[in-house]
Structures are given as structure tokens and as C-alpha cells.
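Chemist: What follows is the residue order along each chain.
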Amino acid sequence: MDWEVKIETKLKDGILDPQGKAVKTGLKSLGYENVDSVFVGKYMEIIIKDIPKKEDVSEMVEDMCKKLLANPVIEDYKYELNKMEG
Amino acid sequence: MKAGVVTFPGSNCDHDVYNVLSKIFGFDTDLIWHQKHHLKDYDLLVLPGGFSYGDYLRSGAIARFAKIMDPVIDFALADGLVLGICNGFQILLESNLLPGAMKVNDNLKFVCKNVRLEVNNNKTTFTNHYRENEIIEMPVAHGEGNYYIDKKGLNSLIDNNQIVLRYASKSENPNGSVENIAGISNKKGNILGLMPHPERCSEDIISPGRSDGYRLFSSIAAGLKAGGEQIG
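Top to bottom, those sequences are chains A and B. For the first sequence, position 48 matches number 48 in the numbering used here, and the numbering has no gaps at all. For the second sequence, position 184 matches number 270 in the numbering used here, and the numbering has no gaps at all.
Excised from the complex, chain B in its bound form (with noise of 0.2 Å):
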């Protein structure tokens, strides 16, 4: 299995990406820098949190323009698998690679905490380790996770069982998000954006109790091992 990291100037988690997929899961993992122009045949690719270019103009406007992004768009339109988190999903919204758009957080401050999240659709291949309906918990860290979509946009979201993650009720709420909206995939499910940081909470030593961040994980990793089974 073979991941790769996208580091922008800002990125700050993708260490802990790296760290989750190459030393938990045995992924063969690079760290790519984003003034590359060509990608390696990866089964994962992985746009970590941060702040890339500082959030100037809106949170991943700019990185959107990356050089690195023409080959991340055009492997995300041939279906390859492509996990945006925080910053990342920014990102994947800026590239259209995910409908919508972020605002700044409702209540105008940086939120920093564990939430509850309710797995809305546990049949992708980001999230089949969860049961459906499942409350988790996880990280979050943001000033701009305010999710927005339009009615019909939100509708289509609903009718194509695109909302992957929910924050568990209003009161859970961080940001303001319509539908408490905390990760979103695309129609084909191959590319999931979410706020919460599930690299933070997939490892004993670091969140004590707290692993649910794990079976996003090893849900890709099983996917991707049972077809390499059926190809190979």
C-alpha cells in the first residue's frame, strides 16, 4: 500500500499523517512537497491540516494553485482515494474536488477540542469500520470550519448519502456548519473532506482512550488490501 502526505508551506499535520499511516498501518509513505509536478502510482493520498500560505484570502484558496494540485486533481477525478483534512478539505472544496465552501466559524473563535461525531454513512471506504449511526469522538482544531452549501446543493448532498460525518447535535456544533455537517464525500466516494483530525485520536499514546480516529484508517487500509487481493 502506498500513501502519499502533500506538505504545503503551512501544513502542520502531515507529520502526524505520516506518522499514523507509515509506522500504525505498514503504508509505504511519502512526504510530498507541494512544488512537485508528478505524482508516484499511490493508492492514498492525503491533504493534511495547517495553514497553508497562512489562510490568506480564504483557507486553501492559494493552495488550491499549487503545482502539486493539477496532478492531485487529475488523480481524484480517475477515482484514486484522497482524504482532505481540515485545511485538506479547505482545500478539496477551493478545487471543486468537493461541493460547497467554508466560512469563518459562527461564533468568530478558533475551536480546539474534542467533539461528538455521528458516522451518518458508514458504508465508504473511508468509514466502513464504524457502524452505522455510531457516536465517536474526535479532535478539533479550526477558526474556519463553517461549513456552507446552497439548498439544492445541501439536497443532493442528502439524496446521494454524501454526508459522512455529523456533529452529534446542534449543541455540538464548533462552527455553525449547515446540517452540523463535520465531513462530506463526493458522489463516487472515492474522496472524503472532514474538520476533525482522526490522526490525533488513532494511537494509545497520544489520545489515551480516545482511538475512534483508528478505524478511518483501517477502514482505507482494509479496502485497499481486500482489492489488491482480488486484483492480484
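Bound-form chain A, shown alone (with noise of 0.2 Å):
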């Protein structure tokens, strides 16, 4: 079974984003009064090939984040699995 994997990163609640702020104010400069906070983060797409179990390739991709794709010191990470087709 193959695996798509969809995996974001952004930096934990009270952790002032600077891009996020920047952001912010671009948008409040266009014009969208309400907007009321902007956070920037990553987005990460992985294909994960001849894994059978979910199980095991949620395992997998918890430890990728915790490694490497995010810095547990300052960011949370979220991801979703999804069968591939065929």
C-alpha cells in the first residue's frame, strides 16, 4: 500500500511569528479590516511506498516530524494520510 502523506508545520500558540505580523499588515494594507492574525507555516508532501498497516506509517511520519521536518521547541506539526489509488 502506498501512502500520500500532507504535513504542516507552524510555530506553537504564543510564539510571536514575525512572517505571520508581516503578513498581517500586507493584507490590513489591502484593505481586509478583519483580519485578526496571520500565521505563516510550512506545508510538506510525502509519498510513502509498500507500507500495508496505517498504523505504521502514522508511526513513521511522527518520528519524521519529531527529528526533522519540525522543531519541537518551537513548532507543532499536523498531518493527514491518505491511501493512494492503485
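Hints may contain errors.
[Said to hold, decoys possible] Some chain A residues flagged as far from chain B (calculated, every beta-carbon gap over 12 Å):
1. 16
2. 21
3. 31
4. 42
5. 57
6. 62
[As the list claims (entries may be wrong)] SDA-like, lysine to any residue: derived pairs with alpha carbons at most 25 Å apart:
7. A:10 x B:101
8. B:237 x A:74
9. B:274 x A:6
10. B:274 x A:73
11. B:256 x A:9
12. A:10 x B:141
13. A:10 x B:182
14. B:273 x B:165
15. A:12 x B:191
16. A:12 x B:238
17. A:66 x B:193
18. A:12 x B:239
19. A:53 x B:256
20. A:67 x B:272
21. A:66 x B:256
22. A:6 x B:140
23. A:24 x B:193
24. A:12 x B:192
25. B:153 x A:12
26. B:237 x A:9
27. A:66 x B:237
[As the list claims (entries may be wrong)] Just so you have them, the derived chain A footprint on chain B, three or more residues with Cβ under 8 Å:
28. 142 to 149
29. 187 to 200
Calculated directly from the structure, the hints in this document are not laboratory data. Beta carbons are placed, not taken as given, at the ideal position from N, Cα and C, and that holds for glycine.
Since each chain comes alone in its own frame, lean on the hints to assemble the complex.
Modeler: Rendered as C-alpha cells:
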């Protein structure tokens, strides 16, 4: 079974996000007055091949996030796993 | 005195450090390619500045898993002297050899200029040739030097006197780092990470009248010589 993994990382709540702040200023100056907050994060797609069980994929992705894809000191991560057809 | 300077793909200050260590201080210095698995016997290892692996993902995140990092981490945990400058500091953070993490600079700019620093701890192997609270000047050049650590971690750094260098004031702080932190050590004091570049202000021909980086390396060299005499 092959899997498509979609991963998002962003700075933890309470940690000032300089990029989000700058984007918010930009949106406000475009006239979007109702914009209250903006967070800029990262998005990654990973294809994983030949693993039958979803739990095993999940465990592997958790490990990837903790070790490399996110920095647990400052970032949160979340992901979704989709079975790939054929 | 033997020193090793690790070269990652994208390191660009490795030769500057090599020059200072070998030509000015007489270290027997090797440039070590990141794909090596083993280290020779060194008295000092330096992770130099630059943009290892293009700073992709996060600064230092991918370099941390270079083959050479296993023996570097073993060396550091066995109390070997390790100096991380700029990108080297970021790699030390990603390796958990030093606590905390780097964020993008608050003003989102790449800052490249001389800044004034305060020597907050002059009792370390790396800074004992400075006076306590001395104001010195060094160049910085980085886009991700906004040091972050949570409150508990910060208190631990303060309690253990691990904040070695601070930007001299809030207005001098080029990146928004907490407590104006520019450089920290581990608890034992054998690992130092700093954003400023001492290797760029260690000789008159490169930085006329500004040689405050010299004393960081002279502190290390003097400590090693003294240690050598005791043992020998």
C-alpha cells in the first residue's frame, strides 16, 4: 500500500511569528480590516511506498516530524494520511 | 593544539576560521568534510558559519543529520571543546547540544553589520581574555538569529550563567532574540554557540582597529596550552 502524507508545521501558540505579523500588515493595507491574525507555516507532501498498515505509516511520520520536519522546541505539526489508488 | 573545522555543503566561513586558527594561533588545523564518519583526536572542533544545505527547512536542521555529526556529538558529550559560529550555533541548537531554537529575525531582514556586545560571562574557556561586562564589537550576518527559549529554559540559562554574550542593548539587538542573547554555552561550559563572527574580526588586515574576535580564540588557545602543561 502506498500513502500520500500532507504535513503542516507552524510556530506554537504564544510564540511571536514575525512572518505572520508582516503578512497581516500586508492584508490590512489591502483593505482586509477584519483580518485578526495570520500565522505562516510550512506545508510538505510526502509519498511513502509499500507499507500495509496505516498505524505503521503514522508512527513513521510522527518520528519524521519529531526528528527533522518540525522543531518541537518552537513548532507544532499536524498531518493527514491518504491511501493512494492503484 | 589540534583543531578541526567541519565543512558542510554551503558552509562559507570555514576557511576564515581555518585561517585564524592555523595562521594566527598556530593550531594544527584540519578542514573536515561532512561525510566523514570518524574524527581524529582534536582539542577543538568548530562548526563554521554559512548556509549548510541552503538553510532549507530550518537553518541547521539538515546539517544536524550529516554523517560527521555523530562523532561531533560524541566529542561534545565527552567534554570536548566545540565552538559553533552563526550557522554552527544553529546546528548546535538543532542537535540539542545547546537548548532553545532559532526563529526568523523579528524585522524579517538579513542583518549584516557590526554590533556591540556585552560579555556577560567571562569565566568560560572561550571568553576568559575579556573583562566581565566588557563591551566589545563583532560583525553579525544572518537572517535567522532570533534566539528563542521558553521561560523555564531561560531561567535555567540565567541560573547557570550560560548566557555568555548579549547584544549591548535592546536597540543594538539585530534580530529580536530573548534577553538580547547573542551567545550561550552548555551547563558544563565546553560548548559555545554564538551568532556574531569572531573569525571576521581577529586580525588587523581584515578589520582594522577592531580585533575583538581575537581574544575569543586566544582564550581557547591559552586554556589548551595551560591544560597541556598540567597533563604533560
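Chemist: Look at each hint and say if it fits the structure.
Modeler: Status of each hint after checking the structure:
1. Non-interface status of residue 16 (chain A) relative to chain B is broken: a Cβ of that chain comes within 12 Å, the nearest being about 8 Å off.
2. Residue-level check failed: residue 21 (chain A) sits 9 Å from the nearest beta carbon of chain B, not beyond 12 Å.
3. Its beta-carbon lying about 22 Å from the closest one in chain B, residue 31 (chain A) satisfies the requirement of being farther than 12 Å from that chain.
4. Not every CB of chain B lies more than 12 Å from the CB of residue 42 (chain A), the least distance being 8 Å, so the non-interface label is violated.
5. For residue 57 (chain A), the shortest C-beta to C-beta distance to chain B comes to about 21 Å, beyond the 12 Å cut-off, and the non-interface label holds.
6. Distance to chain B confirms residue 62 (chain A) as a non-interface residue, since its nearest Cβ pair spans about 17 Å, more than 12 Å.
7. Of the pairs offered as hints, the one joining residue 10 (chain A) and residue 101 (chain B) is violated, with about 35 Å between alpha carbons and a cut-off of 25 Å exceeded.
8. The suggested pairing of residue 237 (chain B) with residue 74 (chain A) holds, with an alpha-carbon distance near 13 Å, which does not exceed 25 Å.
9. Distance hint between residue 274 (chain B) and residue 6 (chain A) is unfulfilled; the C-alpha atoms sit about 41 Å from each other, more than 25 Å.
10. Simply put, residue 274 (chain B) and residue 73 (chain A) have alpha-carbon atoms about 21 Å apart, close enough for the 25 Å limit, and the pair holds.
11. Distance hint between residue 256 (chain B) and residue 9 (chain A) is unfulfilled; the C-alpha atoms sit about 30 Å from each other, more than 25 Å.
12. The straight-line distance between the Cα atoms of residue 10 (chain A) and residue 141 (chain B) is roughly 17 Å, inside the 25 Å bound, and the hint therefore holds.
13. About 20 Å separates the Cα atoms of residue 10 (chain A) and residue 182 (chain B), which keeps this hinted pair within 25 Å; it holds.
14. Between residue 273 (chain B) and residue 165 (chain B), the direct Cα distance comes to roughly 11 Å. Compliance with the 25 Å bound is thereby established for this hinted pair.
15. In summary, the hint linking residue 12 (chain A) to residue 191 (chain B) is supported, as the alpha carbons are separated by about 17 Å, within the 25 Å threshold.
16. Using a Cα cut-off of 25 Å, the hinted pair residue 12 (chain A) and residue 238 (chain B) holds, with the two alpha carbons roughly 16 Å apart.
17. Restraint check for residue 66 (chain A) and residue 193 (chain B): not satisfied, since their Cα atoms lie roughly 28 Å apart, outside the 25 Å limit.
18. Distance hint between residue 12 (chain A) and residue 239 (chain B) is fulfilled; the C-alpha atoms sit about 16 Å from each other, no more than 25 Å.
19. For the given pair, residue 53 (chain A) sits about 53 Å from residue 256 (chain B) by alpha-carbon distance, which is inconsistent with the 25 Å threshold.
20. For the suggested pair residue 67 (chain A) and residue 272 (chain B), the alpha carbons sit about 21 Å apart, so the restraint of at most 25 Å is met.
21. Between residue 66 (chain A) and residue 256 (chain B) the alpha-carbon distance is near 33 Å, which puts this suggested pair outside the 25 Å criterion.
22. Among the hinted pairs, residue 6 (chain A) with residue 140 (chain B) is consistent with the structure: their alpha-carbon atoms are about 23 Å apart, no more than 25 Å.
23. The suggested pairing of residue 24 (chain A) with residue 193 (chain B) holds, with an alpha-carbon distance near 14 Å, which does not exceed 25 Å.
24. The suggested pairing of residue 12 (chain A) with residue 192 (chain B) holds, with an alpha-carbon distance near 16 Å, which does not exceed 25 Å.
25. Proposed proximity of residue 153 (chain B) and residue 12 (chain A) is contradicted: the alpha carbons are some 30 Å apart, above 25 Å.
26. Distance hint between residue 237 (chain B) and residue 9 (chain A) is fulfilled; the C-alpha atoms sit about 22 Å from each other, no more than 25 Å.
27. Our distance criterion of 25 Å between C-alpha atoms is met by residue 66 (chain A) and residue 237 (chain B), whose separation comes to about 22 Å.
28. Restraint check on the region 142 to 149 of chain B versus chain A: 4 residues with Cβ-Cβ distances below 8 Å, three needed, restraint holds.
29. Proximity of the region 187 to 200 of chain B to chain A, defined as three or more residues with a beta carbon under 8 Å from a beta carbon of that chain, is established by the 7 residues found.
Consistency note: the structure conflicts with the earlier hints numbered 1, 2, 4, 7, 9, 11, 17, 19, 21 and 25.
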